[in-house]
Each structure stands twice: as C-alpha cells, then as structure tokens.
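Q: Chain A is fixed; fit chain P onto it per the hints.
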Amino acid sequence: MSIAATQKRGFGAVLWDYLTTVDHKKIAHMYLFSGGFFFLLGGLEALIIRIQLIKPNNDFISAGLYNEMFTMHGTTMIFLAAMPLLLGLMNAVMPLQIGARDVAFPFLNSLGFWLFLFGGILLNCSWFLGGAPDAGWTAYAPLSTTSPGHGVDFYVMGLQISGAGTLIGGINFLVTIVNMRAPGMTYMRMPLFTWTTFVASTLILFAFPALTVGLFLLMFDRMFGSAFFDIALGGNSIIWEHLFWIFGHPEVYILILPAFGMFSDIFSTFSRKRLFGYTAMVFATLLIAFLGFMVWAHHMFTVGMGPVANSIFAIATMAIAVPTGIKIFNWLATMWGGSITINSAMLWSLAFIPSFTIGGMTGVMVASAVADYQYHDTYFVVAHFHYVIVGGVVFGILAGLHYWWPKMFGRILHEGMGKLAFWTFFIGFHLTFFIQHFLGLMGMPRRYWVFLEGQELDLGNLISTIGAFFMTFGVIVFLINAIYSWKKGEKAPADPWDGRTLEWATASPPAHYNFKQTPLVRGLDPLWIEKTEGKDEMTPAEPLGDIHMPNSSILPFIMSLGLFIAGFGFIYQTDNSAWLIVLFAGMAILFGSMIVRSVKDDHGYHITKEELEREAD
Amino acid sequence: MENTNSNNVNSFQKQKNKEEMKKQLITFALMIFLTLIAFGAVISEAMPSMFVVPFILFLAVVQVGFQFYYFMHMKDKGHDMPAVMIYGGIWAALLTLAGLILIVWW
Chain A
1 MSIAATQKRG FGAVLWDYLT TVDHKKIAHM YLFSGGFFFL LGGLEALIIR
51 IQLIKPNNDF ISAGLYNEMF TMHGTTMIFL AAMPLLLGLM NAVMPLQIGA
101 RDVAFPFLNS LGFWLFLFGG ILLNCSWFLG GAPDAGWTAY APLSTTSPGH
151 GVDFYVMGLQ ISGAGTLIGG INFLVTIVNM RAPGMTYMRM PLFTWTTFVA
201 STLILFAFPA LTVGLFLLMF DRMFGSAFFD IALGGNSIIW EHLFWIFGHP
251 EVYILILPAF GMFSDIFSTF SRKRLFGYTA MVFATLLIAF LGFMVWAHHM
301 FTVGMGPVAN SIFAIATMAI AVPTGIKIFN WLATMWGGSI TINSAMLWSL
351 AFIPSFTIGG MTGVMVASAV ADYQYHDTYF VVAHFHYVIV GGVVFGILAG
401 LHYWWPKMFG RILHEGMGKL AFWTFFIGFH LTFFIQHFLG LMGMPRRYWV
451 FLEGQELDLG NLISTIGAFF MTFGVIVFLI NAIYSWKKGE KAPADPWDGR
501 TLEWATASPP AHYNFKQTPL VRGLDPLWIE KTEGKDEMTP AEPLGDIHMP
551 NSSILPFIMS LGLFIAGFGF IYQTDNSAWL IVLFAGMAIL FGSMIVRSVK
601 DDHGYHITKE ELEREAD
Chain P
1 MENTNSNNVN SFQKQKNKEE MKKQLITFAL MIFLTLIAFG AVISEAMPSM
51 FVVPFILFLA VVQVGFQFYY FMHMKDKGHD MPAVMIYGGI WAALLTLAGL
101 ILIVWW
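Chains as they are written, first to last, in the numbering used here: chain A, 1 to 617; chain P, 1 to 106.
Bound-form chain A, shown alone:
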C-alpha cells in the first residue's frame, strides 16, 4: 500500500479506487466534491432568481421557469448541498476524533454516498427531460399532486433515493459513535463536533421516516392513482404539510447542530482554551434536538389549526431560544480571556455569532403566532431562514472546511484568499438578506415571479441582487483557493493549528488505517492533555499488531445505479407501461447485487505488524 501510494497512478486507477472505496476519508472527499457541485448549481439557480428580481416587471426568465428555479434552489441547497457537505465533514473528522479506524459499516457508508449522489443526479435530470419540479421545495399538496408533467415525479424519486442514503449514513454514524470510541473516550470526553454528529444522526433516524412516508404517499398519488391528498376522493391535503414538517423542522436542526459542533471545536482551538461550559453545551444540544420534534406546526400557523394549537407550538418554539442562547454565551465565554488567533476559519466562526443571532431573533418573531399572520409567506420569512441557514450552516461548513482542509487534503488553504472570500461573501450575504426583512414587512410575498413598479420595492430588490453578486464572487475566490492549494498550496504538517482533539494526532492526510495503534484517551481534549505533559503524540492503548481492514467493493455503486434506473421506470410507467421493463430491470440490478453481497463472504484483509513497522522507517 505504501509503495502504491507513492507511485503516480493513472486516471482510471484513481477513478476505480474512488468508485469502490469504503474508506471514510475518501467517501468524505466524494461527499464534499458532489455536495460542492450541487452547492454551485443551487447558487447558480439563486443568482438567476436574483437577476429576475433585479428590477420591476423583469422578463429575464418566464414565470414557469421561475417556479422551477426557486423549487430546485431550495431542494438542491437543503438535500443535495448542505446535507452532503455536512455528512462529508462528519465522515472525514468524526472517526478520527473518537480514535476509530473507520466507521462501523464501511460498505454501508459507501452505499449511503452513492444513493445520495444518484438521487441528486436523478432529480437534476428533470431539467433536461421536460422541466424541473415546480411546486416549491416543500411540494405542498394539492399543488404537487396536480402539477403537470414529470417534474414533481423527479422530486419524489430523487429525494426518496437520496433520503435513503442519508438515513443509512445517520445510522452508521450512530453505531460508530456508540461502539467504536477509543479506550478512555467516554461520552463526556467526546469533542463537540462528535457530539453534534451523534445528536444530528439521531434526528436523521427519527425524522427522515416521516419524509419517506410522505414521499411514498405522494408517489402513489401521482403514479399509481391513490388519493391520500385528494379531497374530492376523501383524502386530506393537510396531511402532507404535517408529514413534511414533522420531518422538515428536525431537518433544520440536523443542519445546524453539526455546524454548532464545528464552531465549538474551532473557538476552543483558536482561543487556546478548553470549551467553556462543555457539559452545558452537550445538554443544550440534546435539548434543542428534543424540542425540535415538538415545533413542526409553527410552519403552519395560518393553516387554521386553532388558537390553542397555535399557542402551544408558539411557546414550544420560543423555548428553543433558551438552549441556543446558552450556546451563544458559552462560545463568547470560550473566547473571553483566550489567546485568540484570527484566521479564515475563525473569521467565519466569529461572523456566525451576530449573523445567526439575528436569524434567531427573527425566529422568535415569526414564532409568535399572531405576528406570523403578517410575516407568513413574505420575504421576511425568506430573510429569516437564510440568516439561520447561510449565517449558521454555510458559515459553519466554510469554517469547518478551512479548519479541517489540512487534515482532509494535506494542504493548507491560502490565508489571503480565504480572507478575501470571507469578507466579500459576508458583506454580500448581509446586503442580500438584511434588506429582505424590510421588503417582507412592506408586503412583498415570497415566490412571486415579478413585482410591480411604484411600490417602493425597487431599491431593496436591487440592493439584494447586488449582494448576491458579492456572494458569488466570494464563492469563486474560495474555489480558486481550493484549486490553488491543490496545485501549489503549502504542505500541511500533522498539527497545523496546535490542535486539542484526536484528529490532530494523525498525519495530514491520515494513513488509510488512521491510527497505527489505538490511542489512549485521558480526558477532554486528549491531545492537549498530552501536550501539557510535554509529549507531542498520544499514548497508545494497545501494542502494535495486525490491523483488520474492510475490502473495497463496487456493489454500492451498482446497487445505487439499479435504483437510479428503476427511478426512471417508476416515473415514466405512467405514460407507457413498457417502462415497467426499466423499473423491473433496475430493481433486478439492486436485488441481484444485494444477493451477491449476502451470499459472498467478505472477511476483509489484514495489514500485518511487519508492514506497519516497515512504514515507520
């Protein structure tokens, strides 16, 4: 292995390696690349939306295309950009942070990734096959059940397939964290990013089934003639809203909690202090997750649930501000009196605090049911959720990328470009979305294709569009930075930031088996504890011995490809039953691969002790 790694390999060999890999670090790379690609796609869609709204009565794109654009922007950004980027960072970092050699089920990890990617590709195929989904990312019935063409069918099948991948990933992380922690790594010694990965995975496990069920009902309504959401036939369209938001609200915590974890690790590292209020942080995370399940109906205040239901959900929602506030103060107190280094990762984290707090404050405003009748479906809500998702999740992903880039890719990102990207994106973000609060209060509704002249909405929309271009510039600078670091970036040492947690005790990038010997964890911030005692590496918890590793496999790719093909069969069998052949062929590929996987014994391989000793020389 060591010899192969030093030799220059052909493109085909690298491609085959990535198609078959079960290594959590390479799967993380693929999550980040494909998540990044979908982020650019979603960003492009956002830019088109903003160009359309640059002036009143604009006709840059048609009304129908505009509907497709904002639907795909939301769907892509949530399911195909934010989720995989976070899953990528979790994959890259979490096993290292707990001192594990891989995740618990490496094969499933690969399957989860390929399901996500093929689901995402299926969804985006709709652009070329008669139009993308156009019922909003929430796909409310009956709009989604009556939307003509196959757009919403692609939404259903694409999200169903990629959702299965996410569910697999979440369960995998749960089992990994429960079972594969290094000796001494008790629950209350886990880094906050590992904790938030754990809690977010729990939320995935409990929340995604609601989406799966909802999508199945929608699929049967659209493709097989059922009437779950059809009022004329005794159905109930509100059930979709409930199912969607029972999933949808925990989903936003699935997104933000890992970001909270990253900020916690970054603040603590660059303040050179242990995290303030570690225990409170852990319990605040758990409390947010718990409360997150009882608030879904705050998306539906104007549905007509009645004053009692509205009040209860309003109060439950406001209660979430308490644990979130605890976290904000703990981050501030972590920095208080610390020896602070401000670099790109830290800049994104510092900018997160005020930006996210504004989003949280408007969150409490829209949580008030009475006031929400004013805000509902206006740009005020658009501004609110972009402040929490961009100001929280995207800032978090970018902070995490700058922080862990050396660990993941072995190169350090250029600081100058990092700062330029930060400042342009940060200024652009506030230009774009701050003004949208006021556009919303002035009555500009969400999802409208055009606005009229002489309603005092012109200037605000122009400013918002200018801000979007600033953000675009920032993203392009980040891309150049990434390519630059790959070509001629500074080689990263194992521990570039004087880190505190276990991932910095491995090489950059780590060997494929992560730890030659499983480390012994002696407390919170294990590497820092060793450093305070004058050592620069972890004490091993075991003698050097053979390492058991899983074999690579192409099966996850083939299984996902089978579902991808079956997806087209499902979508088009409504037009012509000959498409059922495609459906069955795809399913045959899926089940055939599953049988191969079940029947064929695969015990993995061992890296021998001698080989490990040789590598040390």
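Incorrect hints may have been included.
[What the hints assert, rightly or not] Here are a few chain P residues that sit away from chain A, every Cβ distance over 12 Å (derived from the structure): (1) Glu-20; (2) Ile-32; (3) Met-47; (4) Leu-59.
[Claimed, not checked] Residues from chain A that face chain P, not an exhaustive set, calculated with beta carbons under 8 Å: (5) Phe-206; (6) Val-308; (7) Ala-309.
Note that these hints are calculated values from the structure, not bench results. Backbone N, C-alpha and C define an ideal beta-carbon position, used for all residues, glycine too.
A: Just chain P, lined up with the frame of chain A:
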C-alpha cells in the same frame, strides 16, 4: 479463518444456550397463542368492536415487547444504548401523535 463456532463449548455455556433456547421457544409459542386470540376475537364476533380494537392493540404491544426483549435480546446485558434509542424513538413518535391529536380535536 479462525472457526469461532467451536464444538467443545464448556458446560456452563451449554447450560446457558439451552435455557436461552427454551426461552425463545416459550416466547414463540406465546406469540402464536396471542395471535390466535387476536384472530379469534375478530372471527367469533363475540365482543363489540369498541372492545376488540383496543384489545388487539394491547396484544400487539405485548408482542412488540416480546420481539424486542426476547428475539432481539434487549433483556441481555450491553443493550442499554439500543434501549435508549428505541424508547427515545417511541417517545418522539408519541409526542408527535399527541401534537396531531391536539391539533385535530382541540
């Protein structure tokens, strides 16, 4: 490959396996019995449906308990975390149901 299914199990382990098998068989018989009761309750039409429906639901809960604790070994040591996750999931589902009931009937 090392064979872990060794034939010479010590007598203590043998005794334990035997008891475990006995428990599995008893549970299995009980579950069949409960299913028969549920089936009988419907087919005999001896009881009003207002009673039969909650009664069958109750039997279902008992069966799920058997499934978790005996067949899936939640009664054994080292199953704390699965228990936490399962009860957490049940709790989240019950809360959601309570919320929906509140919305519909209040």
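Q: Work down the list of hints and note, for each, if the structure agrees.
A: Against the structure, the hints:
The Cβ of P/Glu-20 sits about 23 Å from the closest Cβ of chain A, beyond the 12 Å cut-off, so the non-interface label holds. No Cβ of chain A approaches the Cβ of P/Ile-32 within 12 Å, the least distance being about 28 Å, so the stated non-interface status holds. Under the 12 Å C-beta cut-off, the non-interface status given to P/Met-47 relative to chain A holds; the minimum distance is some 29 Å. With a closest Cβ-Cβ approach of about 24 Å to chain A, P/Leu-59 is found to remain outside the 12 Å limit, as its non-interface label requires.
Interface restraint check: A/Phe-206 against chain P, minimum CB-CB distance 5 Å, threshold 8 Å, status holds. At its closest, the beta carbon of A/Val-308 sits 5 Å from a beta carbon of chain P; the interface hint therefore holds under the 8 Å criterion. Annotation: A/Ala-309 was flagged as interfacial toward chain P, and the flag holds, the nearest CB pair being 5 Å apart, inside 8 Å.
Violated hints are absent here; each numbered hint is respected by the structure.
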